[in-house]
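Okay, here's what each chain looks like letter by letter:
2 protein chains.
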Amino acid sequence: MAIKEPKYVYFFGSGKADGKGKMKDLLGGKGAGLAEMTSLGVPVPAGFTITTEVCNYFYQHKRKLPPQLNGQIKKALVKIEKSMGKKFGDKNNLLLVSVRSGAKFSMPGMMDTVLNLGLNDESVEGLAQKTGNRRFALDSYRRFIQMFGNVVLEIDKEMFEEILSDKKKECEVKLDTQLTAEALEDIILKFKKVVKQKAKINFPQDPFKQLEMSRDAVFSSWNNPRAKTYRKLNKIPDDLGTAVNIQAMVFGNMGETSATGVGFTRNPSTGEKVFYGEYLINAQGEDVVAGVRTPHSINDLEKQMPKIYKQLRQITGKLEKHYRDVQDFEFTVEDNKLFMLQTRIGKRTGFAAIRIAVDMVREGLINKREALMRVDPEQINQLLHPMFDSKERFTYKVIAKGLAASPGAASGKVVFTADEAVVSSEKGEKVILVRTETCPDDIHGMHAAQGILTARGGMTSHAAVVGRGMGKTCVVGCGAITINEQQECFNVGDTKVNKDDFISIDGNTGQVMLGKIPTQPSEILQVFQGKIQEKKSKVFQYFKSLMKWANEVREIGIRANADIPLDAKVAFQFGAEGIGLCRTEHMFFASDRLPVMQEMILAETEEGRRKALDKLLLMQKKDFYGLFKEMKGHPVIIRTLDPPLHEFLPKREDLMVEVALAKRGKHKLNGKEKILARVEKLHELNPMLGHRGCRLGITYPEITEMQVRAIIEAACKLAKEGKKVLPEIMIPLVGHVNELKNQREIAVKIAEETIKKYKVKVKYMIGTMIEIPRAALTADEIAQEAEFFSFGTNDMTQMGFGFSRDDAGAFIAQYLDKKIFAEDPFQTLDQGGIGKLMQIGIDNGRRVKKNLEVGICGEHGGDPESVKFCHRAGMNYVSCSPYRVPVACLAAAQGAIESPRKSAIKNKEKKKK
Amino acid sequence: MAIKEPKYVYFFGSGKADGKGKMKDLLGGKGAGLAEMTSLGVPVPAGFTITTEVCNYFYQHKRKLPPQLNGQIKKALVKIEKSMGKKFGDKNNLLLVSVRSGAKFSMPGMMDTVLNLGLNDESVEGLAQKTGNRRFALDSYRRFIQMFGNVVLEIDKEMFEEILSDKKKECEVKLDTQLTAEALEDIILKFKKVVKQKAKINFPQDPFKQLEMSRDAVFSSWNNPRAKTYRKLNKIPDDLGTAVNIQAMVFGNMGETSATGVGFTRNPSTGEKVFYGEYLINAQGEDVVAGVRTPHSINDLEKQMPKIYKQLRQITGKLEKHYRDVQDFEFTVEDNKLFMLQTRIGKRTGFAAIRIAVDMVREGLINKREALMRVDPEQINQLLHPMFDSKERFTYKVIAKGLAASPGAASGKVVFTADEAVVSSEKGEKVILVRTETCPDDIHGMHAAQGILTARGGMTSHAAVVGRGMGKTCVVGCGAITINEQQECFNVGDTKVNKDDFISIDGNTGQVMLGKIPTQPSEILQVFQGKIQEKKSKVFQYFKSLMKWANEVREIGIRANADIPLDAKVAFQFGAEGIGLCRTEHMFFASDRLPVMQEMILAETEEGRRKALDKLLLMQKKDFYGLFKEMKGHPVIIRTLDPPLHEFLPKREDLMVEVALAKRGKHKLNGKEKILARVEKLHELNPMLGHRGCRLGITYPEITEMQVRAIIEAACKLAKEGKKVLPEIMIPLVGHVNELKNQREIAVKIAEETIKKYKVKVKYMIGTMIEIPRAALTADEIAQEAEFFSFGTNDMTQMGFGFSRDDAGAFIAQYLDKKIFAEDPFQTLDQGGIGKLMQIGIDNGRRVKKNLEVGICGEHGGDPESVKFCHRAGMNYVSCSPYRVPVACLAAAQGAIESPRKSAIKNKEKKKK
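So the sequences go chain by chain: A and B. So the first sequence is numbered by my numbering: it starts at 15 and just counts up by one. So the second sequence is numbered by my numbering: it starts at 15 and just counts up by one.
Only part of the chain B face toward chain A is listed, based on derived beta-carbon distances under 7 Å:
id, residue
1, His705
2, Ile786
3, Phe815
4, Gly816
5, Ser818
Each computed DSS-like pair below joins lysine-lysine, with the alpha-carbon atoms no more than 30 Å apart:
id, chain 1, residue 1, chain 2, residue 2
6, A, Lys677, B, Lys677
7, A, Lys832, B, Lys763
8, A, Lys833, B, Lys625
9, B, Lys144, B, Lys206
It should be emphasised that the hints constitute simulated quantities derived from the structure, not laboratory data. Glycine included, each C-beta is placed from N, C-alpha and C at the ideal position.
Can you build the whole structure from these sequences, using the hints too?
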C-alpha cells in the first residue's frame with residue numbers, strides 16, 4: 015500500500031473546497047474564510063491555499079520546500095483553470111492570479127502580496143485585446159513588475175518610483191492615470207532594465223517561475239522585521255507560520271457586462287434592515303472607493319442587472335445568516351458572472367450596533383446574550399452626548415488634539431476664566447472654557463460652559479473627572495496649546511486664537527477645531543428631560559431593550575458617583591442602584607459656602623473652627639437630605655472631607671505676587687498677608703501625598719463630627735417622614751487600621767447620639783476607601799474596623815505607579831508612543847499591577863470578613879475593561895459617573911457572560927431591588 | 015491522706031526562698047527577682063509574694079479570694095518577723111511592710127503601691143522613739159494615710175494635697191521637709207477627717223486590716239483603665255494577672271550605724287571595671303538622689319564601714335557574675351545590717367556599653383555573640399559624632415525641640431541662607447544654617463555650616479538625608495520656630511533669635527538651645543583623620559574589636575550611600591564593602607556644574623541638550639573615576655538621574671514675583687521671563703510623583719547615554735591602569751518592566767560601544783531600584799531585565815503610605831502622639847505594610863532569578879530594626895550613609911544571632927573580600 019502523500023495544498027472553487035472555516039491553524043484566516051465561502055456555494059474566484067505547515071517546513075529546512083509541493087500546486091492550478099475557464103499563461107484566455115499571505119491571526123500590512131501574476135511581454139497584449147483597454151493592460155503589467163521587483167527581488171521601491179515620476183514630469187501630467195499607453199510602454203522597458211541591473215536577472219517571463227518566486231517571497235516575509243515586531247507586540251507566537259493563498263483574479267472592467275461594488279446587509283449608520291451599498295459598471299474595485307466616478311446606489315442594480323442583483327441578495331442574505339451578523343462585502347461581475355471577493359463583519363455606529371443586536375434577537379438570529387456581546391460598551395456613549403453634525407464636521411480645520419476626557423461635542427466662544435464663562439453664559443452665549451488646568455475654584459465656570467479644554471492633565475485630572483461627572487464635553491492635556499491669560503489668547507503653532515473666537519471640541523476624539531460646528535443633542539437625554547415622548551423615540555426604545563437584558567445578565571451592582579441631588583437624579587434614571595461616592599467637598603465650593611469654609615480654615619482655635627462648622631452643618635444636612643431623597647432608599651456612600659485644606663484658599667503664588675506688589679504700593683493688601691501666612695503654613699510640596707483624607711479628620715476631629723452629624727441628621731429627618739434611607743459613611747485615604755479606628759470611633763459616637771436624639775431607627779454603615787497601597791496590603795487588619803471597602807483606583811493608580819494624575823500626562827503620552835505602556839493606566843485599570851494590589855486587598859479583607867461589601871468608586875468604574883475586571887475580582891458593585899452607568903451595565907453583563915462567577919458571591923445590591 | 019493545700023504565698027528571706035528566678039509567670043518579674051536574689055544568699059529584706067493565680071481567682075470569683083489565702087499570709091508574716099527580728103504591729107519593735115504589684119512584664123507606674131504599711135496612731139510614736147526622729151515618723155505616717163487614702167480608699171488626691179499646701183502657706187514654708195512635727199500632727203488629724211468624710215470609715219488602725227485592704231487594691235489596679243490601655247498598646251495579654259509583693263521595710267536613717275546608697279559594678283559612663291557609687295550615713299534612699307546632702311563616694315565606705323563595704327563588694331561581684339552583666343544596685347544598712355533592695359542591669363553610655371561587652375568577653379564572662387547583643391546599635395553613633403560637654407550641657411536653656419535627624423552636637427551663629435553660611439565659614443566663623451526647609455541649592459551652605467536646623471520636614475526630608483550623608487548635625491521639623499527671612503530672625507514663642515545670635519543644636523535629642531555650648535570631637539574620626547594614633551586611642555581599640563566580631567557574625571553585606579570620593583573614603587574606613595547608592599545628581603549642584611546643567615535643561619532641542627551633556631560627561635567621568643578608585647574594586651552602584659529637572663532651576667514662585675515686579679519697573683528682567691516660561695513648563699503639582707527617575711531617561715535618552723558613557727569610560731580608564739573596578743548601573747523609579755527594558759537597551763549599547771573603544775575587559779551590571787509599589791508587585795517581570803534589585807524604601811514608604819516625606823512631618827507627629835503609629839515609618843521601616851511589599855518583591859524576583867542580588871539603599875538601611883528585617887527578608891546587603899556603617903554592621907550581626915538564616919543565601923559580598 016502506497017504511503018499517502020502529505021496534503022500541502024487546499025483547493026477551493028466551483029462550490030467545493032478541500033478546507034473548512036475552522037481550519038485557521040492550517041490555512042490561516044483568509045484561506046479558511048475562502049474555503050468556507052466556497053463551500054457555502056458562494057461564487058468565489060477559484061484558488062488554493064498552501065498550508066502553514068509548508069511555511070514551517072521552509073524555515074526548518076533552510077528555505078527548501080517539500081518535494082511533493084510543486085506537483086500539488088500544478089494540479090491545483092489546473093483545477094483553477096477549469097473552474098475559471100481560463101488558462102495560466104495563455105495569452106488568448108489569460109488566467110492571472112494573486113499571491114497573498116494569510117496567517118492564523120490577522121497581521122494587516124505586515125507581510126507581502128503580489129497581484130496580476132501571470133503577465134509577461136506576450137500575454138499583456140492578449141489582455142489588452144480581451145479588455146479592449148491597452149492602457150489598462152500595460153498599467154497592470156507595470157504594476158506587476160514594480161510589485162514583483164520590490165517584494166520578490168528586493169529592489170528598492172525608490173528606483174521604480176523615480177522612473178515613474180520622471181516620466182510624469184516629462185509628460186507634464188500629475189496622476190499615474192493620466193499617462194498614455196506609449197508612456198507606459200517606455201516605463202515598462204525602463205523597469206525591466208532596473209530589474210536586470212539590480213537583480214542580475216531578466217524579468218522572468220515564465221508564469222510558473224513567477225509564481226514560485228512570489229510564493230517563496232511571501233513565506234520569507236513571515237520573518238521580516240516589521241512582522242516580527244508586530245507579533246511580539248501582539249503576543250502572536252513565532253512558530254505559527256503563514257499560509258499562502260493563490261487565487262484567480264477577476265476583472266469588473268471587461269465592458270458593459272462587467273461591474274464591481276461594495277455593500278452592507280443592513281444600514282451601518284442607522285442599523286435599519288435595508289440592503290445598502292454602491293456599484294459601478296465596467297470598473298475596477300478601486301474606482302468605487304476613489305470617487306473619480308460617482309457610483310450608483312446598489313438598488314439601481316436591480317434594474318441594470320436584475321439576475322445578478324437577485325443572486326447578490328440571495329448570497330448576502332445567506333452570508334448574514336451563516337455568520338449571524340451584518341456583512342460588509344465586495345463583489346465583481348466579470349462578463350455577467352458574479353464573484354464574491356470578500357465578506358466580513360460590518361463596522362457600525364453606536365446606535366446601529368444596538369438596533370442590529372436587538373433586531374436580530376427579535377428575528378431569532380441570535381440570543382440575548384449574544385446581542386449583549388455585539389455592542390461595544392463605549393458605543394453607548396455616543397447616544398448620551400451631543401454629537402457634531404456628521405456632514406458638517408469634516409469641513410472644519412482640526413488645529414490640535416488632546417485627550418478625549420469626557421465625550422460629546424461642543425462649540426462656543428473661547429473664554430479663559432470661570433467668571434467670564436458664567437458672565438457670558440448668563441448673556442445666553444455658548445462658551446468653551448480654556449484653561450491650563452482646572453481646579454475646584456473653576457467649578458461654576460465649568461458648569462456654565464459648553465465644554466472644557468485644558469493644556470495639561472490626564473484622563474483623571476480635575477477637569478476630566480468633573481467633566482465626566484457633569485456629562486460635559488471635555489478635552490484635556492492638549493499640550494500643543496499655550497495659553498496667555500494676560501493677552502487673552504492661546505497659540506497653537508502659528509495659529510492664534512483670541513478670546514471670543516469660536517472653537518469646537520470633540521470629546522470622543524480629543525480634536526479641537528476652529529469655528530462653530532452645529533451639534534445635535536442626545537435623544538435619550540431629551541426623553542429623560544421630557545422633551546421627547548418615550549414612545550416616539552426609536553433610539554430610546556432600542557436603548558431600553560438592551561439595558562433591560564444587560565440588567566438581567568450582570569452579576570454585580572452598578573452605582574453612580576454623584577455629589578448633588580441633580581446628578582443623583584440623572585444616575586437614578588440611568589438605572590444606578592445607589593450612590594457609590596458622594597464627595598462632600600464639592601459642596602463646599604459653592605459661592606455661599608466657600609467663605610464659611612475659609613472662615614473655618616483661617617480660624618486659629620478649635621472653637622473658631624467649630625463656629626464655622628456649625629454653619630456648614632446646616633448646609634450639608636440639606637444636601638444630604640436631597641441626595642437621600644433622590645435615591646429612594648438605595649445605599650448612599652458619603653465620603654468625609656478629602657482634599658487638602660489649601661484647595662479652598664486662593665493660590666499661594668498669586669498671593670505672593672499680590673503681596674509683593676502691594677508692599678511696593680501698587681495694590682491694597684486687604685488682609686492678604688494674613689491669608690498668605692496661613693496658605694504658607696498649609697503649603698505642601700506634594701499635596702497629593704500630604705495632609706488630606708482621614709489625616710484631616712484625625713487632626714481636626716471636629717470636621718468629621720460635623721459631617722457625620724449632618725449625614726445622620728438628614729437620614730433621621732427622612733426616616734421621620736417615613737422614607738427609607740441607607741447612608742454609608744466612608745473614611746478616605748486610610749493606610750493603617752488605627753486611622754480608621756480613630757475615625758470610626760468618632761463617627762459611631764456622633765451617629766448614636768444623633769439617632770438617640772431623633773428617636774428613630776436608622777441603619778448606617780461605616781467603611782473605608784482602599785486607595786493607599788498599604789491599605790490593600792493590610793486589608794485583613796482594616797477589614798476588622800470596616801463594614802465595606804470601596805477601591806479608589808485613581809489614588810491607587812497614582813501611588814501604585816508613583817504617577818501624579820495632574821502631571822503624568824506629559825510622559826504617559828510618550829510612554830504610549832514608545833509602546834512602554836499599551837494603555838493609559840488612569841483610563842483603563844492596570845490589571846497586571848494595580849489589579850494585583852486590589853486582589854490582595856479583596857482577598858485579605860474577605861478572609862477576615864466573609865461578607866464584606868466591596869466596590870470601586872475610582873474613575874475606572876466606568877471603563878468597560880475595568881468593569882469586567884471588577885466582576886472577575888469578585889466585587890459587589892462598581893460606581894461610576896452618572897453618564898457612564900449604562901456603559902458600566904453593559905460591560906458588567908459582558909463580564910458575566912465571558913466569565914460567570916464560580917463562587918456564588920451573591921449580588922446584594924440586586925437582591926435589594 | 016490529706017489533700018495538699020494549693021500554694022498561694024511564696025516566702026523569701028534569710029537566704030531561703032520558696033520561689034525561683036524563672037517563675038515569672040507565677041510570681042511576676044519583681045517577685046521572681048527577689049526570690050532569686052535571696053536564694054543567691056544576698057541579704058534581702060524578707061517578704062512574700064502572693065501569686066498571679068490569686069489575682070485570676072480574684073477576677074473569676076467576683077473579687078473574692080481563696081479561703082486558704084489569709085492563713086498562708088499569716089504564716090508568711092510570722093516568717094518575716096522572725097527573719098527581720100521585728101513584729102508587725104509591735105510599737106516597740108515595729109515591722110513595717112510595703113505592698114507592691116508585680117506582673118510578668120514590667121508595667122512601670124501603671125498599678126498601685128502602698129508603703130509604710132503597719133503604722134497607726136500608736137506605733138508611729140514607737141517609730142519616733144526608735145529612730146530618734148519624730149518628724150520622720152510623723153511624715154511617714156502622713157504619707158501612709160495619703161497613699162492608702164488615695165490608692166485603697168479611692169479618695170481624690172487633691173483632697174490631701176490641698177490640706178498640705180494650705181498648711182505650707184500657713185507656716186510660710188515652701189517644701190514639705192520644712193514642716194515641723196507639730197504641723198505634721200495637725201495634717202494627720204485633717205487627713206483622717208478626710209478619710210472619715212469621704213470613705214465613711216475611720217482610718218483603719220489594725221495593721222492586718224491595712225494589709226488586706228492594700229492587697230485587694232493592688233489586685234484591683236490590674237484592671238484600672240491606665241493598665242488596660244498599657245497592656246493593649248504593648249500587646250500584653252489581659253489574663254496574666256499581677257502578683258502582690260509584701261516585703262519588710264528597712265530604714266537607713268536609724269542613726270550612725272545606718273546608711274543607704276546606690277552603685278554600679280562598673281563605671282556606667284566609661285565602662286571601666288571600677289566599683290562605682292555613692293552613699294549617705296543615717297539617711298533614706300531619696301536623700302541620695304535628691305541632692306540635699308552631698309553623698310560620699312562609695313570608696314569612702316571602706317573606711318567608714320569596712321565590714322559592710324567588704325560584704326557589699328562580695329555581694330555585687332556575685333550578682334554581676336550571676337546575671338553576667340553590670341549591676342545597678344540599691345542598698346540600705348539598717349543598724350549595721352546590710353540589705354540589698356534592688357539590683358538590675360545597669361544603663362550605660364555608648365562607649366561604656368562597648369567597653370564592658372569587650373572586657374567581659376576577655377574576662378570569660380560572656381561570649382562574643384552575647385557581647386554583640388549587649389550593645390544597642392544606636393549607641394555606636396555616640397562615638398562617631400561630636401558631643402556636648404556633658405557638664406556644661408544642662409546649664410543652657412532648651413527653647414525648642416525638633417526631630418533628631420542627624421546625630422552630633424553643633425554650636426554656631428544663626429544664618430538664614432546657604433550663601434551667608436559659606437561667607438561666614440570662610441571668615442572662620444561657626445554657623446548653624448536655619449531654614450524653613452532645605453533644597454539641593456543649599457548644599458554648599460550645608461557643607462559650610464556646623465549644623466542645620468529646619469522648621470519643616472521629616473526624618474527623610476532633604477535636610478535630614480543630606481545631613482546624615484555628610485555626618486552633619488541636623489535637627490528638622492522643628493515646628494515651633496517661625497522664620498522671618500526678611501527681618502533676619504526666627505521666633506519661638508516669645509523668644510526672638512536674630513541673625514548672628516549663637517544657638518546650639520543636639521542631633522541626638524532634637525533639642526535647640528540658646529547660646530554656645532562647648533563640644534568634644536569624635537575620637538574615632540580623629541584616628542581616621544590621622545590626628546590621634548590608633549594605638550593611643552582606647553575608644554578606637556574597643557570599637558575595632560566589637561566591629562571585628564560583628565563582621566565575623568553577620569550574614570549580609572554592608573555598603574554605603576556615597577556621592578563623592580570623600581564620602582566613599584569615610585565609608586571604606588568604616589568597613590563598607592561597596593557603594594550601594596551614588597546619587598549622580600548631587601554632583602550637578604556644584605557651582606561649576608549647575609550652569610551647565612541649566613544650559614541642558616533650557617535647551618530647546620536635543621542637539622542643544624547634547625552640547626551641554628558633552629560638558630557634563632567630562633565632569634561626571636572624573637567623579638566616577640574618583641569613586642571607583644576609593645572603593646578599590648568593590649561594587650559601586652551608580653543611579654542615573656533621579657530628581658525632576660526643575661530642582662536645578664530657580665524657584666517658580668520667586669521668579670513669578672521677580673517678573674511681576676520687573677514688569678512694573680522695579681527690577682531688571684535679565685532673561686528671567688524665559689527661565690520662568692521653562693520653569694512653568696516643568697512645573698508640577700506633585701513633583702514627587704512627576705517627571706523624574708527613569709521617566710527622564712526615557713523622554714531624554716541622551717541623558718542616560720551620557721551618564722552610562724561617563725560611568726563606563728571611568729571604569730575603562732581604571733581598568734587600563736590595571737585596577738579592579740565593578741560598576742553597577744541602577745535605573746531609578748521603575749514601575750513597569752518596559753521602562754527598565756528601554757533604559758537597559760540604551761545602557762548596554764553605550765557600555766559595549768565604550769568597552770570596545772577602550773579595548774579592555776570591564777564587567778558591569780545593570781539593575782533597578784524597587785521603590786514604586788507596582789515594581790514590587792510585578793518584580794517577577796522586572797527581574798527578567800535586572801541583574802540586581804535595590805529597595806528604595808524612602809520612596810516606597812512615601813508611595814506605599816501616600817505620604818510625602820517633605821509634608822508628612824506635621825501629621826505624623828500627631829499620629830505618634832495619638833498612638834495611631836508606634837513609630838515614624840520614615841525612620842523605622844514599617845514591617846507590617848511596606849515590609850510586606852518588599853517581601854513580595856523579593857519573592858517575586860527570586861522566583862524567576864534565583865541568584866538575584868537584592869539590597870536596600872533607602873535611609874532605613876541604617877536603622878537597626880530595619881537592618882534586622884532586611885537580614886530576615888533574605889537580602890544580600892544593606893546600604894546606608896557612611897556614618898551609619900558601623901551601626902548597620904552591628905545590627906546585621908544581631909539579626910544573624912537572633913534569627914540565623916535557614917536557607918543558605920550566601921553572602922556574596924563577604925565572599926568577595
